[in-house]
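For chain A, the structure is supplied; the task is to place chain B on it using the hints.
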Amino acid sequence: MQANRYVMRATMYGVGFANVYDTYLSPQEYVGTDFRISRETMRMTKLFDGNVSVQNFFQANISYTHNKVDNNNTFAGLVNWNYGLHYQFRITDNFKLLAGGLADLNGGFVYNLRNTNNPASARAYINLDASGMAIWHLKIKNYPIVLRYQANIPVIGVMFSPNYGQSYYEIFTLGNSSGVVQFTSLHNQPSIRQMLSVDCPIGSSKVRFSYLWDMQQSRVNQINTHTYGHVFMVGFVQDLYRIRNKKGTPLPSAIRAY
Amino acid sequence: MINNRDRKESKKGRAIRILTLLIPIILLLFIASSCIREDEYTNNPQGNFDALWTIIDEKYCFLEYKQINWDSIHTVYQKRLTADMSNYDLFEVLSDMLATLKDGHVNLYSAANQARYWDWFEDYPRNFNESIVEDYLGTDYRIAGGAKYKILDDNVGYIYYELFSNGIGNGNLDEILQHMAICNGIIIDVRNNGGGNLSNSSTFAARFTNQKTLTGYIRHKTGKGHNDFSDPVAIYLEPSNSIRWQKKVVVLTNRHSYSATNDFVNSMRYLPQVTILGDKTGGGSGMPFSSELPNGWSVRFSASPHFDAEMNQIEFGIDPDIKVDMLSQDEDKGIDTMIEAARTLLKN
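Sequence order for the protein chains is A and B.
When the first sequence is numbered by numbering that gives the first Met the number 0, its final residue is 257 and no position is left out of the sequence of numbers.
When the second sequence is numbered by numbering that gives the first Met the number 0, its final residue is 347 and no position is left out of the sequence of numbers.
None of these hints come from the bench; they were simulated from the model.
Keep in mind that a hint or two might mislead.
[To be verified] Across the chosen pairs, the derived CB separations fall in these ranges:
id	chain 1	residue 1	chain 2	residue 2	range
1	A	F208	B	R36	26 to 32 Å
2	B	E237	A	F108	27 to 33 Å
3	A	V68	B	A82	18 to 24 Å
4	A	V157	B	D118	42 to 48 Å
5	A	Y12	B	D88	47 to 53 Å
6	B	K78	A	F208	55 to 61 Å
7	A	I155	B	Q272	53 to 59 Å
8	B	R36	A	Y86	32 to 38 Å
9	B	R36	A	V68	16 to 22 Å
10	A	R38	B	A82	52 to 58 Å
11	B	N42	A	R38	38 to 44 Å
12	B	I181	A	S177	43 to 49 Å
[Claimed, not checked] Now the stretches of chain B that chain A is said to cover, found in silico as 3 or more residues with beta-carbon under 8 Å:
id	segment
13	27-39
14	54-68
15	216-229
16	282-291
Glycine included, every Cβ here is placed at the ideal spot set by N, Cα and C.
So that you can see chain A by itself, here it is in the shape it has in the complex (with noise of 0.2 Å):
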């Protein structure tokens, strides 16, 4: 048995409130429901004598939001997948920090359902985050939870954006992309994404209750734009661990789901 091949695996789903602003689109902000769905697995490698794990974390989320009078709407969503490692330190048995990086990966829309020639805004941008956790194995009166909070920020990227009044017209049917792609940091994309879980056994699962607190803004191209979700999800974990099949020998009858 070995430590590397231990897989946390959670699947989980959400609903939460989703604040959506694109001058692009409109000066105002947008208020509505996001729903999200949130893959995540863990794992530890051999990295640094068995000290770092790698996490692998994908979400995609869609909003519906009003203006202030509501008498228009827009949808947003966004896919996100972040992958990266984490040092590992042991402060005490149930307890440590990690410290690490992620790549972090986006792409999406806001579609307002009323203009005409400026319907819609493209979000795609890449970054490399910041990332840092604290995970508290703890016992209420004899019962087991796990308490986790995570915070990733984006230190350095790439973003997607529209010249201030440049039409996606001229974009993509003529041509001209110049100045589309901006170089991103903390002053003009100051984001972050933080969730708070806690992992309760029921029977021989494992629930798992998350808030996620997704708050991406970027100021690129005199273009401000910020979606701001705060979500509530739950799912369940699971504890998995990998058998490698390097020869691809196939697994007995017997014993094959498929």
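Same frame as chain A, but now just chain B:
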């Protein structure tokens, strides 16, 4: 016993842990103080007035070209505001303010009304009579996409395209041009065509050129200043790789040929076998964007200007090659002066 090396490593480990904690805290504090939020305007007459004035001030693309003193407009129309004015009165003040832009692409939309500036065609001869066009088409005309078409009895093809929002695909154009292959020439009537999609304009025009042709330029605003514009980007008309018309073409225009239609006429006039006949077009060369006010009223405005191939503005229209107006005595007899002038031109 703890030796020096262990002590050093323990200090190093502690330093790393402190740093590990401190860096996220510093970053968190930085992010927390860097919220990017909306500029809030109160939903009252003054707030809505200021929001609209600011949208135009920062995003409208013709303030300098039209030599409009937008600050002075603020002063003039501000005086007409009162704190307790009705929505109808506010709408009237805002509409009047927008009318100073003299732009058919500028509108304000409330649930009750739509503010518009239509002087660019309402103040000029109509030069179009729909019932006469229907007489020319008869009842046996064909419809392909947004185009109605027929071969007139003197072997001239006639295509009436009433709105560039109505799609016209390559399949439609193949059928139309194949049907008209026997004709001496064709008339493309875009009178009263108020515009629509630029892609329909270029798809249609691509059937009349054999070579890549420079037809104009586009710019966009790069910032809030009235003169913050990008460098011009050339717009080329690429020849279609399907059926291309090689004989003469007359494009019929009037003051209501606007926006994407203005763009179509601008492309067509650079092609050697094409003649523009009729009245000056209505213009409308600024690609419109939308925005909104705190009370939910939607506003549309020109955001990105198009120019012709010599970098001239075409916001106020394009002159025809041959100026022809509808004669009232012809109109009384059910004759379309402009269609007849085009037929004569194509037969010579």
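Right, here's what the structure says about each hint:
1. F208(A) - R36(B): 26 to 32 Å: For F208(A) and R36(B) the Cβ distance comes to about 30 Å; the hint holds.
2. E237(B) - F108(A): 27 to 33 Å: holds (29 Å)
3. V68(A) - A82(B): 18 to 24 Å: Given range 18 to 24 Å: holds, Cβ gap about 19 Å.
4. V157(A) - D118(B): 42 to 48 Å: holds (47 Å)
5. Y12(A) - D88(B): 47 to 53 Å: For Y12(A) and D88(B) the Cβ distance comes to about 50 Å; the hint holds.
6. K78(B) - F208(A): 55 to 61 Å: holds (59 Å)
7. I155(A) - Q272(B): 53 to 59 Å: About 56 Å separates the Cβ atoms of I155(A) and Q272(B), which means 53 to 59 Å holds.
8. R36(B) - Y86(A): 32 to 38 Å: Since R36(B) and Y86(A) have Cβ atoms about 36 Å apart, the given range 32 to 38 Å holds.
9. R36(B) - V68(A): 16 to 22 Å: holds (18 Å)
10. R38(A) - A82(B): 52 to 58 Å: holds (54 Å)
11. N42(B) - R38(A): 38 to 44 Å: holds (42 Å)
12. I181(B) - S177(A): 43 to 49 Å: At roughly 47 Å between Cβ atoms, S177(A) and I181(B) fall inside 43 to 49 Å, so the hint holds.
13. 27-39: Since 9 is at least three, the answer is holds.
14. 54-68: Coverage by chain A holds for the segment 54-68 of chain B (3 residues, Cβ < 8 Å).
15. 216-229: Since 8 is at least three, the answer is holds.
16. 282-291: holds (count 6)
Going through the hint list in order, the structure satisfies each hint without exception.
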